[in-house]
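Chemist: Taken in sequence, the protein lines are chains R and D. According to the numbering used here, the residues represented by the first sequence are 1 to 670, in order. According to the numbering used here, the residues represented by the second sequence are 1 to 670, in order.
Derived by calculation from the structure, the hints in this document are not laboratory data. Be a bit skeptical, because a hint or two may be false.
One copy or two, either will do: identical chains are not told apart, so a pair holds if it fits within one copy or between any two.
To be verified - Using 20 angstroms as the maximum straight-line C-alpha spacing, the simulated EDC-like pairs for lysine to aspartate or glutamate come out as follows: (1) 666 / 487; (2) 189 / 623; (3) 118 / 442; (4) 193 / 623; (5) 285 / 40.
Number of protein chains: 2
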Amino acid sequence: MFEFEPAMLAPIAGAIALVFAGYLAFRILRQPAGTARMRELSDIIYRGAMTFLNKEYRVMVVYAVIVALILALVVNYPTAIAFVVGAFFSALAGNVGMRVATKSNARTAEAARKSIGKGLKVGFSSGAVMGMCVVGLGLLGVSIFYFLFGNPEIIVGFGFGASSIAIFARVGGGIYTKSADMGADLVGKVEAKIPEDDPRNPAVIADNVGDNVGDVAGMGADLFESYVGSIIAAMVIGFMGVTVGGVALGQTDAVVLPMLLAAVGIFCSIVATFFVRTGKGAGIKVLHMALNKGVFGSAFLMAAASFFLIWFFVGAIEIFYALLAGLIAGILIGISAEYYTENRFSPVKSIAVSSQTGPATNIISGFSVGMLSTVVPIIALSVAILVAYYFAALYGIAIAAVGMLSTLGITLATDTYGPVADNAAGIAEMAKMGKTTRVRAERLDAVGNTTAAIGKGFAIGSAALTALALFFAYTQAVNIQTLNIMDPKVIVGIFIGGMLPFLFCALTMRAVGKGASLIVGEVRRQFRTIPGLMKGKAKPDYNRCIGISTSAALKNMALPAALAILSPIVVGLILGVEALGGLLVGSIVTGLLLAITLANAGGAWDNAKKYIEEGHLGGKGSETHAASVIGDTVGDPFKDTSGPSLNILIKLMSMAALLFVPLLLKVWGG
Amino acid sequence: MFEFEPAMLAPIAGAIALVFAGYLAFRILRQPAGTARMRELSDIIYRGAMTFLNKEYRVMVVYAVIVALILALVVNYPTAIAFVVGAFFSALAGNVGMRVATKSNARTAEAARKSIGKGLKVGFSSGAVMGMCVVGLGLLGVSIFYFLFGNPEIIVGFGFGASSIAIFARVGGGIYTKSADMGADLVGKVEAKIPEDDPRNPAVIADNVGDNVGDVAGMGADLFESYVGSIIAAMVIGFMGVTVGGVALGQTDAVVLPMLLAAVGIFCSIVATFFVRTGKGAGIKVLHMALNKGVFGSAFLMAAASFFLIWFFVGAIEIFYALLAGLIAGILIGISAEYYTENRFSPVKSIAVSSQTGPATNIISGFSVGMLSTVVPIIALSVAILVAYYFAALYGIAIAAVGMLSTLGITLATDTYGPVADNAAGIAEMAKMGKTTRVRAERLDAVGNTTAAIGKGFAIGSAALTALALFFAYTQAVNIQTLNIMDPKVIVGIFIGGMLPFLFCALTMRAVGKGASLIVGEVRRQFRTIPGLMKGKAKPDYNRCIGISTSAALKNMALPAALAILSPIVVGLILGVEALGGLLVGSIVTGLLLAITLANAGGAWDNAKKYIEEGHLGGKGSETHAASVIGDTVGDPFKDTSGPSLNILIKLMSMAALLFVPLLLKVWGG
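Build the full structure now, drawing on both the sequences and the hints.
Modeler: This is the structure:
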């Protein structure tokens, strides 16, 4: 007779998430996409994004085949298969999410024509498709391999596949989006003095495409990796045997629990999507509140549900405290990001004020805000780590990461909503939709900017905790009981690991700089050579700019990606497993700190500019505003390329270390 | 009968250094100080600098009395005495060095009137006074306490005294100098479009004073601390017992050797000062070569002399390899800093090129160069650590730091030469000394900029190695044999320690921003209210600006200083000695990386501007030049306030940890 295994809940929840995503997508696509001009614009963006993805896939497939062969040779076949499936699922989630996002922008703008509440609904639903695809495919993948092999070490291959896609998606997407954005702004806004999103600007569509490939596909792959990584780390540590409160957990219980928590998280997220709604004439605050209701509501539901789950399933309530620590830390990190990047609060205002003495003081002030914003997240994470460890040792730290990411279905929905609303505002502007609609679309966009900043903070915090959990899983897998900092190899590992995020940022920033200058050249060329363009009588060649951004991204993503994948393996082979442990810790520490600094400085500069544009300190067109535009531009690659890419760097390195444990043990014995 | 102890060589060498410093100072003061106008300018700078120092001393004395009382209560009396003497010696070295430097600026300009070689001689001699005072008083102090108490743990008090002065000098001096510099530039160069060093600018003298209090007194205190710290760390580790190549060193030998190496280093430095000379019509390259001859010559002499010293005194040549590793790493770090900040090489040129698309791309490009420049120093340090440890374990790492700093007498001379030449160029400009002299003075200044950049790289590298040696000394003193990263308290310590440099930078940058905006207000006020000022018919009120910078510095240095001193103690008391160990490592890693990034980005921006001013890419007055000026201004607090202050932060925290070991052991047992 068929007996229901609790673990079955995981694939079921995954499948339900996918069905729900399908339902949402179906509902969105039934919405009207507006006028011919709107559909045309949306279509160019859609095709531009797909062109980029397809080209990116070609690079990824070559890479995946090579890595799969290596894995089959030095690790084992099942891991190689898991790797390929992980890569495929991550790419699939990104692809579907982005298709829907690019189909939703015009529909969001059109819905905003009726009411702001309807606009929010379409935009948010489109984000929810992404969120549900990520958690659905993530949990489904992990649970399939669990049922096939039972051994979490093979599922690491699935995580590594996801990580590999993530590094290409984040770095490639990040370079793409900011090359286009900076290029468009530097010539359009600064030189030609035409407004943002002006259809005469040849790079404007590339910029809109960039929002999708960077902030939708990139963010999705990033969090797919975190989500899967946290579950796998907890499973690997659980597999080694867990003792909580003096009582040993059953091995199966310890391995299955993370999947069950994720399953419960999916249900909570689905329920919470229905909290996100608002009336007709909602202002920014009300919109914001609506999204917050979803995020906090799901966290609250998750806390309650996981209490009962842990109580009945494993009976060790200590694990619940560990989970709660992660959940609360995640929320605190998000709130801190909001405080440092929202123009209601003093940090952003201080940047705006310092813009009065020019761009240099604006930059210094923003940089200082970014660095200051590391304090709260570090303390929140530190407390979460200590609490989680106190209650449930290393397993507790991994469970804290699972807790932080359990409601990803909805947090990712609010993140993805950001670029959709941004695109909607762009289309409203370019298709000349009338003032009321444009104001509504801009309002939706403004809220999206905040949720994006919070989402970034959350992505960073969860990445650090996941990477840490993976690091601990690595130490368990290589069977290190103590990793002594006083061993100079370990300290050298920490130094090198600490340096890698700096090198990685340097490379990604340089790539954006190069890409942007190519776009600048092309936009200048079109302004000069296409007659009637500036008068709006001729159309610019949007596709040239899309092509340039695409090739800049593809060309320049290889080196940082190689660095991330090869460094841990090389250091592990040359200096040994302890040095590699040091490298992971070093990279997590500086990666986390730099990522927070860059993300929040970038967000704060952006909103300082918006604050001035609202009419403060001289408003648009003033010297102060010009200074703030420069800070905003500097912040572009900070917050959208280098900063977020660091999330992947630290997770990918931990994942690579964990995956290549068999090879390392062959070389170093163990 | 009196028997000569080898250790006696240390105080003798210290005394000789002081005598040599006295001789050089005497020779400088006999030089003519030029016209009445030159003497007047030099005198205002001298008095401004002294005013600042005297006010700073008042704060320091209060602080020193409180700390001495605490030390007497929780540690012991001799340590408290050593602390007071350490603070006094460091302040004395800074005071004498700065007096001579401020007396030398006009004399350097006047000597340059005769020939560039004479200018170099006066400027460099003045730097050498500082160098010799630092090494002389440093080694004298350490050896006096060695002879008095024999126990290196008491000498730690001397080091902590030096550290305490250093944090005030670096942070206070750094805030002072950049508030004045940025304030002067933002109104003078950017708004009023008057040239740099224009006597009509009310903040110009404050700026010149700042060069002295920041780059002379600040740098001197910084390296005094590194110098003393490296010797003490080696002595503490030596005191615990050292085994090299399977043979145990005599305890006395292990404790005395670091002092002897320092003594030999002093002799090598004195000899090498005579290598620094050049002919009459020397260009920048020849001037540069002359200074390099001194630096490399002394390193070469030191390598040879220490080989024989180690061979005959302890007979364990392995120690020599450790020393050599440090010496070579120091040189490599200096060369790397030169590569990334000199406008002959591609990094600076790439920043200049990216200025063509505006300030934003200039900033991003400079930031990326700064981060990229961390790679070589990290690898050089890593190799030095591994080599030194391989040959002589933890003692080897401390000896590597001693080796790196052994020729400080001359490296500090070339550093201090920088601000003297800078002031000389300013005086030549303000006193309208004629074109030939001004060109010569500017050439001397340009070479000084490079040596300052190299000096900063060297200061950072030596600070990191010294802090690491102090960290190891700390672990020995609390008797930790393994410091396990997998202990969550240790990892939390690393996180918090890693965050502190970010917080510290944020605070110091914000302080500069505040100070600069006060200066901006004052300069604008004087331009507006003093009739005839802009036409050169009335004199500005220089002293108001000096007063504003002084009070901004004194007010804002307390919080960062308190942070540096209290964090290790608080973390040690709350989370334990292991967490404190983690904190030290975390702070060293991120402190080192941030310090290199900030110093080299700042230096590179500065020289990219100079490169454009030489006539490239449109030259002075072009849009490209304007963009590069903004980068240069952003770089000001990066390279001269926040970056260098991090050196002190990491050393001071290690020193505080080491000093409060008795208290920590009382609380935590051990």
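Chemist: All hints, please: hold or fail.
Modeler: Each hint tested on the structure:
1. Taking identical chains as interchangeable, the C-alpha atoms of residue 666 and residue 487 are never at most 20 angstroms apart, the minima being 22 angstroms within one chain and 27 angstroms between chains.
2. Both within a single protomer and between protomers do residue 189 and residue 623 lie at most 20 angstroms apart by alpha-carbon distance, with minima of 14 angstroms and 16 angstroms respectively.
3. For a Cα distance limit of 20 angstroms, the shortest separation of residue 118 from residue 442 inside one copy, 14 angstroms, qualifies, whereas the shortest one across copies, 67 angstroms, does not.
4. Taking identical chains as interchangeable, the C-alpha atoms of residue 193 and residue 623 lie at most 20 angstroms apart whether they share a chain (14 angstroms) or sit on different chains (16 angstroms).
5. Within a single copy, residue 285 and residue 40 get their C-alpha atoms no closer than 32 angstroms, and across copies no closer than 62 angstroms, so neither meets the 20 angstroms cut-off.
The structure shown violates the earlier hints numbered 1, 5.
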